[in-house]
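Asker: 1 is the number of the first residue of the sequence shown in the working numbering; add one for each residue after it.
Derived from the structure by calculation, the hints contain no laboratory data. All values reported here derive from a predicted model rather than from experimental measurement. Each hint should be verified, as a subset may be incorrect.
[To be verified] Label-pair distances were calculated between CB atoms; the ranges are: (1) Ala-187 to Val-733: 45 to 51 Å; (2) Leu-705 to Tyr-670: 43 to 49 Å; (3) Asn-532 to Gly-723: 29 to 35 Å.
[As the list claims (entries may be wrong)] Straight-line distance between alpha carbons at most 20 Å, and here's what the computed EDC-like set of lysine to aspartate or glutamate pairs gives: (4) Lys-107 to Glu-85; (5) Lys-70 to Asp-117; (6) Lys-721 to Asp-40; (7) Lys-115 to Asp-64; (8) Lys-67 to Glu-85; (9) Lys-115 to Asp-76; (10) Lys-350 to Asp-331; (11) Lys-459 to Asp-434; (12) Lys-370 to Asp-331; (13) Lys-70 to Glu-164; (14) Lys-70 to Glu-536; (15) Lys-70 to Glu-85; (16) Lys-724 to Glu-702; (17) Lys-107 to Asp-64; (18) Lys-107 to Glu-160; (19) Lys-115 to Glu-164; (20) Lys-370 to Glu-237; (21) Lys-724 to Glu-666; (22) Lys-350 to Glu-126.
The C-beta atom is built at its ideal place from N, Cα and C for all residues, glycine as well.
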Amino acid sequence: MRYAKPSFCRIWLLAGLVLLLAGPAWSSELKERRLSLHFDNLPLNDALQQLQSEYDLHFVYSDDLVKRIKVNCHHDNLPLSRALEILFAGSGIDYRIVNSRQIVLIKSPRRPIRKFDVRGYIYDGENGEPLPYANSYITGTNMGTVSNVDGYFVLVNVPEGPHELTIEYLGYAPARIPLTPRSPSPALRIELQPNLIPGSDVDVTEQASEVMQLSRESGEVRFSPKLLPLLPSVGDEDIFRSLQLLPGVRSAGDGSSGLHIRGGRPDQNLVLFDGMTIYHVDHFFGFLSAFNSSAVKDVRIFRGGFPAKYGDRTSGVIELTGKSGSQDHLDVGLGVNLLSSRAYASVPLKGRGAWLFSARRSYSDFLQSKAYNNIVNLFFKEESDAVSTYSDAGQLVQLQPSVYFYDINSKLTLNPSRRDVLSLSFYGGRDHLDILQELNLNPSPADTNIALNINETVKWGNIGISGKWSRIWSSRFYSNLNIARSWYNSQYREDLDIASVDGTPLSYQFFEDNRVRNTRITLDNEWQLSHNGKMEFGAAWTDANIRYQYVQGDTATVLNEDRQSIQGALYGQGKIAVTSRLDFTAGMRSTYYALLQKFYLEPRVSFVYSLSGAWNLKGAWGHYHQFLKNIITEDLLQRRQGFWLLANRQLPPEFAEHFIAGIGYETPDYRFDVEGYVKQIRGLTQYSLRFTGDYAQFDTRELFLEGSGSARGLEIFAQKKRGKFSGWASYAVSRSEHRFPGINTNRYYPANNDQT
Numbered sequence: 001m002r003y004a005k006p007s008f009c010r011i012w013l014l015a016g017l018v019l020l021l022a023g024p025a026w027s028s029e030l031k032e033r034r035l036s037l038h039f040d041n042l043p044l045n046d047a048l049q050q051l052q053s054e055y056d057l058h059f060v061y062s063d064d065l066v067k068r069i070k071v072n073c074h075h076d077n078l079p080l081s082r083a084l085e086i087l088f089a090g091s092g093i094d095y096r097i098v099n100s101r102q103i104v105l106i107k108s109p110r111r112p113i114r115k116f117d118v119r120g121y122i123y124d125g126e127n128g129e130p131l132p133y134a135n136s137y138i139t140g141t142n143m144g145t146v147s148n149v150d151g152y153f154v155l156v157n158v159p160e161g162p163h164e165l166t167i168e169y170l171g172y173a174p175a176r177i178p179l180t181p182r183s184p185s186p187a188l189r190i191e192l193q194p195n196l197i198p199g200s201d202v203d204v205t206e207q208a209s210e211v212m213q214l215s216r217e218s219g220e221v222r223f224s225p226k227l228l229p230l231l232p233s234v235g236d237e238d239i240f241r242s243l244q245l246l247p248g249v250r251s252a253g254d255g256s257s258g259l260h261i262r263g264g265r266p267d268q269n270l271v272l273f274d275g276m277t278i279y280h281v282d283h284f285f286g287f288l289s290a291f292n293s294s295a296v297k298d299v300r301i302f303r304g305g306f307p308a309k310y311g312d313r314t315s316g317v318i319e320l321t322g323k324s325g326s327q328d329h330l331d332v333g334l335g336v337n338l339l340s341s342r343a344y345a346s347v348p349l350k351g352r353g354a355w356l357f358s359a360r361r362s363y364s365d366f367l368q369s370k371a372y373n374n375i376v377n378l379f380f381k382e383e384s385d386a387v388s389t390y391s392d393a394g395q396l397v398q399l400q401p402s403v404y405f406y407d408i409n410s411k412l413t414l415n416p417s418r419r420d421v422l423s424l425s426f427y428g429g430r431d432h433l434d435i436l437q438e439l440n441l442n443p444s445p446a447d448t449n450i451a452l453n454i455n456e457t458v459k460w461g462n463i464g465i466s467g468k469w470s471r472i473w474s475s476r477f478y479s480n481l482n483i484a485r486s487w488y489n490s491q492y493r494e495d496l497d498i499a500s501v502d503g504t505p506l507s508y509q510f511f512e513d514n515r516v517r518n519t520r521i522t523l524d525n526e527w528q529l530s531h532n533g534k535m536e537f538g539a540a541w542t543d544a545n546i547r548y549q550y551v552q553g554d555t556a557t558v559l560n561e562d563r564q565s566i567q568g569a570l571y572g573q574g575k576i577a578v579t580s581r582l583d584f585t586a587g588m589r590s591t592y593y594a595l596l597q598k599f600y601l602e603p604r605v606s607f608v609y610s611l612s613g614a615w616n617l618k619g620a621w622g623h624y625h626q627f628l629k630n631i632i633t634e635d636l637l638q639r640r641q642g643f644w645l646l647a648n649r650q651l652p653p654e655f656a657e658h659f660i661a662g663i664g665y666e667t668p669d670y671r672f673d674v675e676g677y678v679k680q681i682r683g684l685t686q687y688s689l690r691f692t693g694d695y696a697q698f699d700t701r702e703l704f705l706e707g708s709g710s711a712r713g714l715e716i717f718a719q720k721k722r723g724k725f726s727g728w729a730s731y732a733v734s735r736s737e738h739r740f741p742g743i744n745t746n747r748y749y750p751a752n753n754d755q756t
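Let the hints inform the model, and build the full structure from the sequences given.
Answerer: Here it is in structure tokens:
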């Protein structure tokens, strides 16, 4: 048999047929490959080169197609097609697989891009609690937002195509979710897992070291009470003493939990706990704050330039959100430390909410620990020095302090629907301080010894209750109605008994009583107009009643004030991304103060401008008024920490103007921030009993001095956010000055809270 010799054309036909049949197989084999993507703001060209090297791929493309495109994504073990969709999302690039190794990149055909809203709720993965003020953004873009107090967020007009949604919250591992927007888009439920479980053996991951977070905007800092175990503490984990580690925040003295924010006094800070105004924020000589960390979920602090939503303070804002309790399981806990004991309980309500209760009480009135004695010695050392200064021959024979405190938190949270949240929150705290002193006064050796007994009793406390109803009217519109009632009371009594050896007795008394009753109703609305525009607006109504009485002896009433006033306020604020680099916020708050029958306007603006890379410029300016004034007193021993009065025609409202400017640098691992500020203040009031006029024509108004002040400073902050070693360091130089008529020849002098 003879075989015909195949022609040249037949050979090529056979080879082409083989290639045609094998091509899909090779392409299928390539598509089955799996890739991992880990890029942080990396140029697309570099990312493609890295993938070629690691996975033996070959990309064919022109340089013009990929230039100026950066990618930011983190995914493991994805199919090739899914990985490429994520890699090229939003870039206008499409691809074709040619053979087993080649992937050709082409420009996507032009067609209308559909856009959708992405919305969802962010929860604690362990107990189901909503997480407020979490960062939510589309990876690799400037599309981002912050969840509200109920953990709800919405990203508006997200273009179709595969994306990566990133959710970040202090103390929790970030969540990265592959996302393909479509219409209609159901609400996502996103659960974050804690990085740190206090008291357990769980390892702390590298992200857990970021205890606090500076906002890109001027002055705002977020703090996680969940991470207090990572910070050094004495006696108890304390929120406010931990806040003193932040740049621009200082204590009133060694061990004190009071907050002086950028040259201001603690009374110039608005402290809100679930919408309740808290007037006295410390326990135990000021060593502990009035808030039990077991009951607090989130803390936001504005060190200046705060938004139009907040009013009636001139220095800063501290907003605390209470825990709502576990909605999944019963949680009960007990704790004891060197100063106090605490109890905690969280009860789920069959998937419809939760009830939380926590209580804390010191046991120092019947059991004194070493830590208690050290604190007492520190506190009264200055007292002993003051006695010695007052009388060189005076001798402190005996000092017997007795002190205790307690606080209680309770919160009921109900979820009648997916759109509505109802809550009822209660806070109560009380301090009692009783000090008995015995002194021997001997002006000279030849004189008769004189025994002086001083008994001081100081009591103060806050009680508050608030109710909240929040509702998501649509995916872009949210409202929060809060009604709160606060009570504050402080009493100071001093009894002096003097007895000489001849038996001649002499006694004298001082009594001070200050009461504040406050009803506060606020309605806050958020309207997300677009992915680069947001409106916030609302109203506030406040009814305040303040009583103050100061009595010397049995009948000599030096000061007796009892006033009531109503405030009504409207505010509006808009935030817009003017360009891809510039975010601008402008707002206005208008307040009517009934006692003076006058309107007060408070314009406020801020901006953030992104420079090349990770650098940004920021600034803020604003006007602020305070109608509830804490009057400075001349108390040598500082047990009387001032008293509250309403502004009136003799005591004008305080006014402050803030100027803030700074520059920041941030990467996933590092943060560097420099911020300077200037604060001008008018309407400061000081109370003095050094009356030098004619007592026959005595007028209590002459005891009040009206003055002005200024504060300026520069803060430098450096942070390593994650890794084996992490932490932060800050340095601040500042100057705070006051000026009152008749003091220091009417010139500025360092304020009591001036600390450089």
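Asker: Could you run down the list of hints and mark each one as holding or not?
Answerer: Each hint, compared with the structure:
1. Distance hint for Ala-187 and Val-733: a CB-CB separation of about 48 Å, consistent with the stated range 45 to 51 Å.
2. A beta carbon spacing of about 48 Å between Leu-705 and Tyr-670 agrees with the range 43 to 49 Å that was offered as a hint.
3. Evaluation of the 29 to 35 Å hint for Asn-532 and Gly-723 yields a pass: the beta carbon distance comes to about 34 Å.
4. About 14 Å separates the Cα atoms of Lys-107 and Glu-85, which keeps this hinted pair within 20 Å; it holds.
5. At roughly 24 Å between alpha-carbon atoms, Lys-70 and Asp-117 are farther apart than 20 Å, so this suggested pair is violated.
6. A threshold of 20 Å between alpha carbons decides the hint, and for Lys-721 with Asp-40 the separation of about 16 Å falls inside it, so the pair holds.
7. A hinted pair counts as satisfied when its Cα atoms are at most 20 Å apart, and Lys-115 with Asp-64 does not qualify at roughly 27 Å.
8. For the hint linking Lys-67 to Glu-85, the alpha-carbon distance of about 18 Å falls within 20 Å, and the restraint holds.
9. With a CA separation close to 27 Å, the supplied pair Lys-115 and Asp-76 exceeds the 20 Å bound.
10. Restraint check for Lys-350 and Asp-331: the C-alpha separation of about 14 Å stays at or below 20 Å, so the hint holds.
11. A threshold of 20 Å between alpha carbons decides the hint, and for Lys-459 with Asp-434 the separation of about 9 Å falls inside it, so the pair holds.
12. For a cut-off of 20 Å, the pair hint linking Lys-370 to Asp-331 is broken: about 32 Å separates their Cα positions.
13. For the suggested pair Lys-70 and Glu-164, the alpha carbons sit about 14 Å apart, so the restraint of at most 20 Å is met.
14. The hinted pair formed by Lys-70 and Glu-536 fails the criterion: a straight-line CA distance of about 33 Å is larger than 20 Å.
15. For the hint linking Lys-70 to Glu-85, the alpha-carbon distance of about 15 Å falls within 20 Å, and the restraint holds.
16. For a cut-off of 20 Å, the pair hint linking Lys-724 to Glu-702 is broken: about 61 Å separates their Cα positions.
17. A distance of roughly 10 Å separates the Cα atoms of Lys-107 and Asp-64; the hinted pair therefore holds under the 20 Å criterion.
18. For a cut-off of 20 Å, the pair hint linking Lys-107 to Glu-160 stands: about 17 Å separates their Cα positions.
19. Only pairs whose Cα atoms come within 20 Å are accepted, and Lys-115 paired with Glu-164 is accepted, the gap being roughly 15 Å.
20. For the hint pairing Lys-370 with Glu-237, the CA-to-CA distance comes to about 17 Å; that is within 20 Å, so the pair holds.
21. Among the hinted pairs, Lys-724 with Glu-666 is consistent with the structure: their alpha-carbon atoms are about 19 Å apart, no more than 20 Å.
22. Between Lys-350 and Glu-126 the CA atoms are separated by roughly 16 Å; this keeps the pair inside 20 Å, and the hint holds.
Against the hints set out earlier in the document, violations occur for numbers 5, 7, 9, 12, 14 and 16.
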